[in-house]
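Undergrad: Here is how the chains run, residue by residue.
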Amino acid sequence: MTELSLMTKGLLVTAMGLAGVFLVLTLFFVTIKLMQKIGVKEKKEQ
Amino acid sequence: MDFGKILQEMFSGVMYLFTLEGLKTLAMFVIAGVLIYLAIKKDYEPALLLPIGFGAILANLPPVFGSAFPSALGEEGFLTVLFNAGIANELFPILIFIAVGAMIDFSPLLKDPSMIFFGAAAQFGIFATFLVSLVLIPIVLPATAGDNDLIMKLASAIGIIGAADGPTTLYVANHFQLKDYMAPISVAAYSYMSLVPVIQPPVIKALTTKKERMIRMDYNEERASKLALILFPIIVTAVAGIIVPMSAPLVGSLMFGNLIRECGVLDRLSKTAQNELANLVTILLGITIGGTMVADKFLRLDTLLILGLGLFAFVFDTAGGVLFAKLLNVFRKKKINPMVGAAGISAFPMSARVIQKMAKDEDPYNFILMQSISANVSGQLGSIVAGGMVITLVTMLLGG
Numbered sequence: 001m002t003e004l005s006l007m008t009k010g011l012l013v014t015a016m017g018l019a020g021v022f023l024v025l026t027l028f029f030v031t032i033k034l035m036q037k038i039g040v041k042e043k044k045e046q
Numbered sequence: 001m002d003f004g005k006i007l008q009e010m011f012s013g014v015m016y017l018f019t020l021e022g023l024k025t026l027a028m029f030v031i032a033g034v035l036i037y038l039a040i041k042k043d044y045e046p047a048l049l050l051p052i053g054f055g056a057i058l059a060n061l062p063p064v065f066g067s068a069f070p071s072a073l074g075e076e077g078f079l080t081v082l083f084n085a086g087i088a089n090e091l092f093p094i095l096i097f098i099a100v101g102a103m104i105d106f107s108p109l110l111k112d113p114s115m116i117f118f119g120a121a122a123q124f125g126i127f128a129t130f131l132v133s134l135v136l137i138p139i140v141l142p143a144t145a146g147d148n149d150l151i152m153k154l155a156s157a158i159g160i161i162g163a164a165d166g167p168t169t170l171y172v173a174n175h176f177q178l179k180d181y182m183a184p185i186s187v188a189a190y191s192y193m194s195l196v197p198v199i200q201p202p203v204i205k206a207l208t209t210k211k212e213r214m215i216r217m218d219y220n221e222e223r224a225s226k227l228a229l230i231l232f233p234i235i236v237t238a239v240a241g242i243i244v245p246m247s248a249p250l251v252g253s254l255m256f257g258n259l260i261r262e263c264g265v266l267d268r269l270s271k272t273a274q275n276e277l278a279n280l281v282t283i284l285l286g287i288t289i290g291g292t293m294v295a296d297k298f299l300r301l302d303t304l305l306i307l308g309l310g311l312f313a314f315v316f317d318t319a320g321g322v323l324f325a326k327l328l329n330v331f332r333k334k335k336i337n338p339m340v341g342a343a344g345i346s347a348f349p350m351s352a353r354v355i356q357k358m359a360k361d362e363d364p365y366n367f368i369l370m371q372s373i374s375a376n377v378s379g380q381l382g383s384i385v386a387g388g389m390v391i392t393l394v395t396m397l398l399g400g
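Residue numbers (our numbering), protein chains in the order written: chain F, 1 to 46; chain W, 1 to 400.
Hints listed in this document are in silico derivations from the structure and should not be mistaken for laboratory results.
Please note that a few of the clues may not be correct.
To give a feel for the contact side, a few chain F residues facing chain W, derived at Cβ under 7 angstroms [claimed, not checked]:
(1) Lys9
(2) Thr14
(3) Met16
(4) Gly17
(5) Gly20
(6) Val24
(7) Leu27
(8) Phe28
(9) Phe29
(10) Thr31
(11) Ile32
(12) Met35
(13) Gly39
Below 27 angstroms or equal to it, Euclidean Cα-Cα: the simulated DSSO-like pairs (lysine-lysine) are [to be verified]:
(14) F:Lys37 to W:Lys333
(15) W:Lys334 to W:Lys205
(16) W:Lys326 to F:Lys33
(17) W:Lys335 to F:Lys33
(18) F:Lys41 to W:Lys326
(19) W:Lys334 to F:Lys37
(20) F:Lys43 to W:Lys226
(21) W:Lys297 to W:Lys24
Label pairs and their in silico Cβ distance ranges [to be verified]:
(22) F:Gln36 to W:Asn279: 32 to 38 angstroms
(23) W:Ala206 to F:Gln36: 46 to 52 angstroms
(24) F:Leu23 to W:Asn279: 32 to 38 angstroms
(25) W:Leu327 to F:Lys41: 29 to 35 angstroms
(26) F:Leu23 to W:Leu304: 32 to 38 angstroms
(27) W:Leu304 to F:Gln36: 46 to 52 angstroms
We put the beta carbon where it would ideally sit given N, CA and C, even for glycine.
Bound conformation, chain F alone:
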């Protein structure tokens, strides 16, 4: 990996970085959706 050209490294950081940010925020999205479902269930029970 360390021997790749500068631009190849740059493209790798860009692709993996953007994918990583979207992945983590998608997980946050899923988490919130799950919490919303729990909230709706709680309300129905009340």
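Given the structure of chain F, go ahead and fit chain W onto it with the hints provided.
TA: Frame of chain F, contents of chain W only:
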């Protein structure tokens, strides 16, 4: 008694002003004056620009007789002490994030989580600027040519400026030990944060039609449940810490501050974090950053390059958010006002306010503040995660 030596010592500061170094000092005084003017007269992020401007004056005073540094710098100067105590060890950014976390209400985001994707899309500029920097740095700064490690590190810190997230920018720059570039990087990050109302509107207007800017969006006024507000910071810290461990200090401190706010039993600590802690660290952070603006390190070509690329990053982050919203609208029945995408940057809550103002200018009855706030707090999360990703990937590729 040598009167000549006494006079020379007494007026060494005045004599210094008539040297080349003295001229540089005067130039730095003008720059510091502009920052203070913008803070006081234009009200651009005064809490930061004023201390930065004053710190710059202190750092550029003539050196003490017999020393190479002004009294505020040097090994025991108070600005050096503050730098070592708060920036070199990344303490100030962390404390700022605790304060910011205590100020953020994630309720709008928890009611409408789809806005979270704008916090990711608006990081596009970071990576676009990173690539452009890799090309431009060796050309504009020939001294760096061949030093690929330095180029990668510098490009990382410059890219992060686009998120308009000062603490994360400092965190990344400091992590890569870019002390010589700290002044222009932090000045660019904090200046662009304060220039959100100037920079974002023309970019948004260029990319949207009046009809798009007038799109109205529904909003559920109900607040998120208390359990959700308490669980959210805990889960986010765990998820971010597991997937991007390098983001854990920033995400963790932001979410710690938010948990203090939402738990309901630490009101006193929450208010302290929001007010006293935020104010105190802002004062110290500002003057310490100003203290890094020494003429020799600031009046250089790299400063112009960093300022230029920082602006590029900021513009592209804004554009990334707007274009992503327009892309989503192709597939959605209920259209999103594309201006909301621009709030996916980290400048909280300024960007959300700017978006709401723009919406109101087009249609006085259009209220998209809550959606913009949701995108804006997502931008906080997105920029931290992006910072963590950049540190992790660059360190890995450099064999660190």
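Undergrad: Would you mind marking each hint as holding or not holding in the structure?
TA: Against the structure, the hints:
A distance limit of 7 angstroms between C-beta atoms decides the matter here; for F:Lys9 the minimum to chain W is near 5 angstroms, and the interface restraint holds. Because the smallest distance between the Cβ of F:Thr14 and any Cβ of chain W comes to about 4 angstroms, under 7 angstroms, the interface hint for this residue holds. With a least beta-carbon distance of about 6 angstroms to chain W, the hint placing F:Met16 at the interface is held under the 7 angstroms criterion. Among the interface hints, the one on F:Gly17 holds; its C-beta lies about 4 angstroms from the nearest C-beta in chain W, closer than the 7 angstroms criterion.
Because the smallest distance between the Cβ of F:Gly20 and any Cβ of chain W comes to about 4 angstroms, under 7 angstroms, the interface hint for this residue holds. This hint holds: F:Val24 has a C-beta 5 angstroms from the nearest C-beta of chain W, less than the 7 angstroms allowed. Proximity of F:Leu27 to chain W holds as hinted, the smallest CB-CB distance being about 5 angstroms (cut-off 7 angstroms). Annotation: interface hint on F:Phe28 holds; nearest CB of chain W at approximately 6 angstroms, less than 7 angstroms.
Hint on F:Phe29 holds. Least Cβ distance to chain W is approximately 5 angstroms, under the 7 angstroms limit. The beta carbon of F:Thr31 comes within 5 angstroms of a beta carbon in chain W, closer than 7 angstroms, and the hint placing it at the interface holds. A least Cβ separation of about 4 angstroms between F:Ile32 and chain W falls short of the 7 angstroms threshold, and the interface hint therefore holds. Hint on F:Met35 holds. Least Cβ distance to chain W is approximately 4 angstroms, under the 7 angstroms limit.
Proximity of F:Gly39 to chain W holds as hinted, the smallest CB-CB distance being about 5 angstroms (cut-off 7 angstroms). In summary, the hint linking F:Lys37 to W:Lys333 is supported, as the alpha carbons are separated by about 23 angstroms, within the 27 angstroms threshold. For the suggested pair W:Lys334 and W:Lys205, the alpha carbons sit about 21 angstroms apart, so the restraint of at most 27 angstroms is met. With a C-alpha separation of about 23 angstroms, the suggested pairing of W:Lys326 with F:Lys33 holds against the 27 angstroms cut-off.
About 20 angstroms separates the Cα atoms of W:Lys335 and F:Lys33, which keeps this hinted pair within 27 angstroms; it holds. The suggested pairing of F:Lys41 with W:Lys326 is violated, with an alpha-carbon distance near 34 angstroms, which exceeds 27 angstroms. The suggested pairing of W:Lys334 with F:Lys37 holds, with an alpha-carbon distance near 22 angstroms, which does not exceed 27 angstroms. Of the pairs offered as hints, the one joining F:Lys43 and W:Lys226 holds, with about 13 angstroms between alpha carbons and a cut-off of 27 angstroms not exceeded.
Restraint check for W:Lys297 and W:Lys24: the C-alpha separation of about 11 angstroms stays at or below 27 angstroms, so the hint holds. Hint check: F:Gln36 to W:Asn279, Cβ distance near 36 angstroms, so the stated range 32 to 38 angstroms holds. A C-beta distance of roughly 36 angstroms is found between W:Ala206 and F:Gln36, which places it outside the suggested range of 46 to 52 angstroms. F:Leu23 and W:Asn279 have their C-beta atoms about 36 angstroms apart, which keeps the hinted 32 to 38 angstroms range intact.
Between W:Leu327 and F:Lys41 the CB atoms are about 34 angstroms apart, so this pair conforms to the stated range of 29 to 35 angstroms. A C-beta distance of roughly 36 angstroms is found between F:Leu23 and W:Leu304, which places it inside the suggested range of 32 to 38 angstroms. The hinted range of 46 to 52 angstroms is satisfied by W:Leu304 and F:Gln36, whose Cβ atoms lie roughly 48 angstroms apart.
Hint violations for this structure: numbers 18, 23, all remaining hints satisfied.
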